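Number of protein chains: 2
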Amino acid sequence: MKVNLMHGAGGEVMGELLRTLTAFSHNNAGGVGLESLDDGAIIPINGSNIVLTTDSHVVRPLFFPGGDIGRLSVCGTVNDLAVMGARPIALTSAMIIEEGFSVDDLARIVASMDQALGEAGASIVTGDTKVVERGSLDGIIINTAGIGIALRPVRDSTLQEGDLIIASGTLGDHGISILSYREGFEFGETLHSDVAPVWPIIERALAAGDIHAMKDPTRGGFAAAINEMAHKSGVGILLDEEKVPIRRSIRSAADILGIDPLQVANEGKVIMGIAPEDADAILSAIRSHPTGADAAIIGEVISGSRVVMQTSIGGERFIEPPLGDPVPRVC
Amino acid sequence: MKVNLMHGAGGEVMGELLRTLTAFSHNNAGGVGLESLDDGAIIPINGSNIVLTTDSHVVRPLFFPGGDIGRLSVCGTVNDLAVMGARPIALTSAMIIEEGFSVDDLARIVASMDQALGEAGASIVTGDTKVVERGSLDGIIINTAGIGIALRPVRDSTLQEGDLIIASGTLGDHGISILSYREGFEFGETLHSDVAPVWPIIERALAAGDIHAMKDPTRGGFAAAINEMAHKSGVGILLDEEKVPIRRSIRSAADILGIDPLQVANEGKVIMGIAPEDADAILSAIRSHPTGADAAIIGEVISGSRVVMQTSIGGERFIEPPLGDPVPRVC
Numbered sequence: 001m002k003v004n005l006m007h008g009a010g011g012e013v014m015g016e017l018l019r020t021l022t023a024f025s026h027n028n029a030g031g032v033g034l035e036s037l038d039d040g041a042i043i044p045i046n047g048s049n050i051v052l053t054t055d056s057h058v059v060r061p062l063f064f065p066g067g068d069i070g071r072l073s074v075c076g077t078v079n080d081l082a083v084m085g086a087r088p089i090a091l092t093s094a095m096i097i098e099e100g101f102s103v104d105d106l107a108r109i110v111a112s113m114d115q116a117l118g119e120a121g122a123s124i125v126t127g128d129t130k131v132v133e134r135g136s137l138d139g140i141i142i143n144t145a146g147i148g149i150a151l152r153p154v155r156d157s158t159l160q161e162g163d164l165i166i167a168s169g170t171l172g173d174h175g176i177s178i179l180s181y182r183e184g185f186e187f188g189e190t191l192h193s194d195v196a197p198v199w200p201i202i203e204r205a206l207a208a209g210d211i212h213a214m215k216d217p218t219r220g221g222f223a224a225a226i227n228e229m230a231h232k233s234g235v236g237i238l239l240d241e242e243k244v245p246i247r248r249s250i251r252s253a254a255d256i257l258g259i260d261p262l263q264v265a266n267e268g269k270v271i272m273g274i275a276p277e278d279a280d281a282i283l284s285a286i287r288s289h290p291t292g293a294d295a296a297i298i299g300e301v302i303s304g305s306r307v308v309m310q311t312s313i314g315g316e317r318f319i320e321p322p323l324g325d326p327v328p329r330v331c
Numbered sequence: 001m002k003v004n005l006m007h008g009a010g011g012e013v014m015g016e017l018l019r020t021l022t023a024f025s026h027n028n029a030g031g032v033g034l035e036s037l038d039d040g041a042i043i044p045i046n047g048s049n050i051v052l053t054t055d056s057h058v059v060r061p062l063f064f065p066g067g068d069i070g071r072l073s074v075c076g077t078v079n080d081l082a083v084m085g086a087r088p089i090a091l092t093s094a095m096i097i098e099e100g101f102s103v104d105d106l107a108r109i110v111a112s113m114d115q116a117l118g119e120a121g122a123s124i125v126t127g128d129t130k131v132v133e134r135g136s137l138d139g140i141i142i143n144t145a146g147i148g149i150a151l152r153p154v155r156d157s158t159l160q161e162g163d164l165i166i167a168s169g170t171l172g173d174h175g176i177s178i179l180s181y182r183e184g185f186e187f188g189e190t191l192h193s194d195v196a197p198v199w200p201i202i203e204r205a206l207a208a209g210d211i212h213a214m215k216d217p218t219r220g221g222f223a224a225a226i227n228e229m230a231h232k233s234g235v236g237i238l239l240d241e242e243k244v245p246i247r248r249s250i251r252s253a254a255d256i257l258g259i260d261p262l263q264v265a266n267e268g269k270v271i272m273g274i275a276p277e278d279a280d281a282i283l284s285a286i287r288s289h290p291t292g293a294d295a296a297i298i299g300e301v302i303s304g305s306r307v308v309m310q311t312s313i314g315g316e317r318f319i320e321p322p323l324g325d326p327v328p329r330v331c
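These protein sequence lines are chains A and B, in that order. Counting from 1, one number per residue, gives the positions in the first sequence under full-length UniProt numbering. Counting from 1, one number per residue, gives the positions in the second sequence under full-length UniProt numbering.
Keep in mind that the hints are not guaranteed to be accurate.
Since the list can't tell identical chains apart, any single copy or any two copies may satisfy a pair.
Below, computed lysine to any residue pairings styled on SDA-like, alpha-carbon distance capped at 25 Å [said to hold, decoys possible]: (1) K2 / D104; (2) K2 / G100; (3) K2 / S136; (4) K243 / E99; (5) K2 / E186; (6) K2 / G135; (7) K2 / V110; (8) K2 / G314; (9) K2 / S102; (10) K2 / S249; (11) K2 / A111; (12) K2 / D138; (13) K2 / S112; (14) K2 / R60; (15) K2 / D105; (16) K243 / H289; (17) K232 / N49; (18) K2 / F63; (19) K2 / V103; (20) K2 / R108.
To be clear, the hints were calculated from the coordinates, so they are not data collected in a lab. Note that the structure is predicted; figures quoted are calculated from it, not measured.
Take the sequences, apply the hints, and build the full model.
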């Protein structure tokens with residue numbers, strides 16, 4: 001068998017490849033390890049829950065409306081830490097650079113990473129650089145890994161019946177805006193990526209109430225994330241289409257592109273399952289930060305095993321995880 | 001300015017690029033950060049010294065005598081942790097794979113990583129996979145990052161006058177054997193990479209005596225590592241060429257290739273500066289493990305700022321850091 005693009009798309013097809021890539025007998029350091037396929041691992045050290053995660057970034061183009069590969073590479077790892085309930089502490093930066101790459105562009109990327117680090121309250125503490133021959137790589141790839149500390153770790157597999165589902169903001173912005181920009185489409189209003197650290201809103205939400213489960217809807221989008229949460233938790237989800245926040249401009253662009261905005265990556269959003277009695281407090285806490293201004297309660301956890309959307313015209317439809325991401329190279 | 005291959009070679013030229021790549025204002029999480037350019041960072045958390053490091057691996061070919069990119073990718077990170085004095089605990093595995101890559105080869109790589117993890121006593125606890133279009137990458141790149149715990153952190157900048165210098169085994173094996181294999185040279189005796197986790201020998205050495213400074217001589221080889229240690233520590237080094245362990249087959253191959261075996265990467269070796277009174281105990285401890293069987297005291301720390309080699313024919317020569325690595329894509 002050969003690896004194909006669908007294998008890297010974060011959807012259902014990826015499962016085949018994951019069986020090969022996770023065949024480690026040494027896969028756990030005492031807490032939450034590789035077998036859980038959560039957004040990061042949890043390693044208990046001397047009374048602290050250290051969360052460890054990694055993310056490689058291959059986005060094209062390198063600079064796009066709302067961000068660039070540098071901002072994305074910091075937010076990708078910070079957000080994986082944050083959705084485990086961890087304050088991001090220290091990140092690594094590993095760059096693989098094609099011979100001939102512009103040092104000025106590198107400087108722009110580093111400055112953008114630094115800006116995002118400031119927003120997240122984290123630091124790049126160590127790094128690695130490899131330069132490869134011209135033609136053996138397409139520009140630059142950035143991997144970041146990072147550690148954080150979780151006072152109360154949060155998993156993606158611990159939704160409870162009766163929980164309310166919060167989306168911390170509009171969905172589909174990153175994937176739809178990148179694709180539109182790449183295709184050179186003009187939509188009147190300019191579309192922007194949402195790439196941002198979500199730790200500031202998660203920190204406020206954790207202080208405001210009881211978060212049972214969290215995940216950031218990156219590759220595969222909201223549809224992949226909500227299905228994974230439901231499947232791992234052994235529950236069903238009932239969503240209200242009217243409540244799901246999607247920008248009008250993103251919806252229009254998605255219609256023209258023929259892509260479901262719920263199936264493309266978000267890079268500054270989080271999906272939470274929360275105790276209903278804490279809903280008002282948590283929603284207010286999230287909305288008090290600009291990154292969470294459009295947060296909304298979009299549904300609830302029910303018994304069952306499917307994710308169902310009550311549509312605005314009164315019907316119901318299943319929200320299925322995408323087989324593969326319709327937008328390659330978005331993260 | 002454009003990035004060129006010399007920038008990635010780990011030698012002096014890399015310094016230019018490093019100024020761009022380390023221009024972070026958020027560069028330290030309270031312990032040893034990016035500014036020290038050590039093999040890893042140290043982050044004090046709740047009374048523990050957490051060491052964090054990262055390494056990307058672009059070696060060609062992927063499978064070579066003595067190892068493969070999988071074994072290399074685990075040992076690279078484990079060894080960076082180990083030379084900071086840290087027991088390796090948990091690693092990440094981030095693979096970027098070209099469309100069309102063989103899943104059988106992936107399985108071999110994962111099995112080899114797992115084998116090395118067992119030798120090191122560490123685990124892969126989380127990962128990331130990206131698949132990119134055919135032609136946009138040359139096969140596979142693997143980044144690993146990792147954390148360890150250092151009871152007594154060891155730096156590369158803390159040599160003291162009077163210290164003895166230990167090489168934990170023969171030098172030049174990895175770089176010379178890879179290049180020989182790549183060039184298709186036959187040398188009668190087969191050459192092998194030395195790629196191996198050094199934590200088992202460092203653990204024994206730490207228990208046996210006082211290690212003042214350590215570094216693993218990877219890119220740029222022993223010449224780069226010993227000069228960096230001397231420069232950062234503000235000392236000179238006097239080496240005895242007769243004592244420096246180099247396999248006869250490696251020396252012969254290096255002569256034919258016209259490459260200094262002290263300037264190419266090692267992937268299973270460590271250079272230490274130790275208290276002279278502990279020399280016998282530490283040397284015995286290292287030699288008690290197969291990976292350290294050829295360990296030797298090769299010199300001493302003196303006043304001054306240069307690394308000088310007393311040659312076997314009675315003269316002296318400076319050991320200079322290489323400008324760039326003569327062997328690209330060895331790690």
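Results of checking the hints against the structure:
no.	hint	in the structure
1	K2 / D104	between (37 Å within a copy, 8 Å between copies)
2	K2 / G100	between (31 Å within a copy, 5 Å between copies)
3	K2 / S136	both (20 Å within a copy, 16 Å between copies)
4	K243 / E99	neither (48 Å within a copy, 39 Å between copies)
5	K2 / E186	neither (37 Å within a copy, 33 Å between copies)
6	K2 / G135	both (22 Å within a copy, 15 Å between copies)
7	K2 / V110	between (35 Å within a copy, 16 Å between copies)
8	K2 / G314	neither (44 Å within a copy, 58 Å between copies)
9	K2 / S102	between (34 Å within a copy, 5 Å between copies)
10	K2 / S249	neither (38 Å within a copy, 38 Å between copies)
11	K2 / A111	between (38 Å within a copy, 18 Å between copies)
12	K2 / D138	both (21 Å within a copy, 15 Å between copies)
13	K2 / S112	between (36 Å within a copy, 19 Å between copies)
14	K2 / R60	both (24 Å within a copy, 20 Å between copies)
15	K2 / D105	between (34 Å within a copy, 10 Å between copies)
16	K243 / H289	within (20 Å within a copy, 64 Å between copies)
17	K232 / N49	within (22 Å within a copy, 34 Å between copies)
18	K2 / F63	between (31 Å within a copy, 18 Å between copies)
19	K2 / V103	between (35 Å within a copy, 5 Å between copies)
20	K2 / R108	between (37 Å within a copy, 14 Å between copies)
Violated hints for the displayed structure, listed by number in ascending order: 4, 5, 8, 10.
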